[in-house]
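Chain by chain, the residues:
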Amino acid sequence: DAGVIQSPRHEVTEMGQEVTLRCKPISGHDYLFWYRQTMMRGLELLIYFNNNVPIDDSGMPEDRFSAKMPNASFSTLKIQPSEPRDSAVYFCASRTSGRADEQFFGPGTRLTVL
Amino acid sequence: DQQVKQNSPSLSVQEGRISILNCDYTNSMFDYFLWYKKYPAEGPTFLISISSIKDKNEDGRFTVFLNKSAKHLSLHIVPSQPGDSAVYFCAAETGANNLFFGTGTRLTVIP
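Chains as they are written, first to last, in our numbering: chain A, 51 to 164; chain B, 104 to 214.
Hint data in this document are derived by calculation from the structure and do not stem from the laboratory.
Ideal placement from N, C-alpha and C gives every residue a C-beta, glycine not left out.
Any given hint could be a false lead.
Claimed, not checked - Computed beta-carbon distance windows for the label pairs: (1) A/114 / B/155: 19 to 29 Å; (2) A/152 / B/175: 22 to 32 Å; (3) A/114 / B/181: 43 to 53 Å; (4) A/147 / B/142: 37 to 47 Å; (5) B/164 / A/59: 30 to 40 Å; (6) B/157 / A/152: 17 to 27 Å; (7) A/91 / B/144: 12 to 22 Å; (8) B/184 / A/160: 26 to 36 Å; (9) A/77 / B/113: 36 to 46 Å; (10) A/108 / B/172: 22 to 32 Å; (11) A/62 / B/120: 32 to 42 Å; (12) B/164 / A/103: 37 to 47 Å; (13) A/78 / B/144: 20 to 30 Å.
Please model the entire structure based on the sequences and the hints provided.
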């Protein structure tokens, strides 16, 4: 298995532009998580899905952020409009139920908003 | 509010010596704890875990200790090797399939 796949790996955009991050989880995993890594807050959970259904989006910072999982093999995290304070590394992770030690992370997308 | 805290942002240790990374938590409902290791430009990878019914778990050079009364866990690496240089994240969950992470500690092992 190729592991969790994220694209793009790096994204540089200007303030006000729309940004879409993509994730392909490991086949067979029924949980998908989006995290944001910053120096101040470490790894923050933004939202997670179970069987393609959003379960908890309380970590989404504001309405500018949205996430979708149209099927078991694809998810997107969209920021519109983007702001400089959104600059961070965004990770996607997937796992099966009850197996926290088998939660696998993707390589991350480094987002820079100018 | 951070439910999992790593108060030391960085740690430097000589090769061959012991590295001790610390983590504190506030939520008494956490029943499973994990350590993840992260290299630059990569995602975090699972290292070792411990259930709340145990106070110690060992895997090779890595040992995790849990003190439930103090809401504290630590990761010991003995002996430390240069390849252990990375950022280490402490994480905890309540069984709701949702991990809470700390802010990370950057370990540097000096050859």
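### Message
The hint says 32 to 42 Å between residue 62 of chain A and residue 120 of chain B; measuring C-beta to C-beta, is that right?
### Response
holds, 41 Å
Discussion item. Holds or violated: the 26 to 36 Å window for the beta-carbon distance between residue 184 of chain B and residue 160 of chain A?
Written reply: Since the Cβ atoms of residue 184 of chain B and residue 160 of chain A sit about 28 Å apart, the hinted range of 26 to 36 Å holds.
- request: Please test the hint of 20 to 30 Å on the beta carbon pair from residue 78 of chain A and residue 144 of chain B.
  value: holds, 27 Å
So does residue 147 of chain A sit 37 to 47 Å from residue 142 of chain B, Cβ to Cβ? violated, 28 Å
The hint says 30 to 40 Å between residue 164 of chain B and residue 59 of chain A; measuring C-beta to C-beta, is that right? 31 Å Cβ-Cβ, so the 30 to 40 Å window holds.
(Q) Taking the Cβ atom of residue 114 of chain A and the Cβ atom of residue 155 of chain B, is their distance within the range 19 to 29 Å? (A) Violated, at about 37 Å.
Is the hinted range of 43 to 53 Å satisfied by the C-beta distance from residue 114 of chain A to residue 181 of chain B? holds, 46 Å
Query raised in the report: Taking the CB of residue 152 of chain A and the CB of residue 175 of chain B, does the distance hold inside 22 to 32 Å?
Result: With a Cβ separation near 25 Å, residue 152 of chain A and residue 175 of chain B satisfy 22 to 32 Å, so the hint holds.
Checklist line | Distance restraint evaluation - residue 108 of chain A, residue 172 of chain B, Cβ atoms, bounds 22 to 32 Å | finding: Because 29 Å falls inside the window, the suggested range holds.
Residue 103 of chain A and residue 164 of chain B - C-beta distance against the hinted 37 to 47 Å:
For residue 164 of chain B and residue 103 of chain A the Cβ distance comes to about 41 Å; the hint holds.
message: I want to verify a distance hint. Is the separation of the beta carbons of residue 91 of chain A and residue 144 of chain B within 12 to 22 Å?
response: Because 20 Å falls inside the window, the suggested range holds.
| query | In this structure, is the beta-carbon distance linking residue 157 of chain B and residue 152 of chain A contained in 17 to 27 Å? | reply | holds, 19 Å
Comparing the model with each numbered hint stated earlier shows that hints 1 and 4 do not hold.
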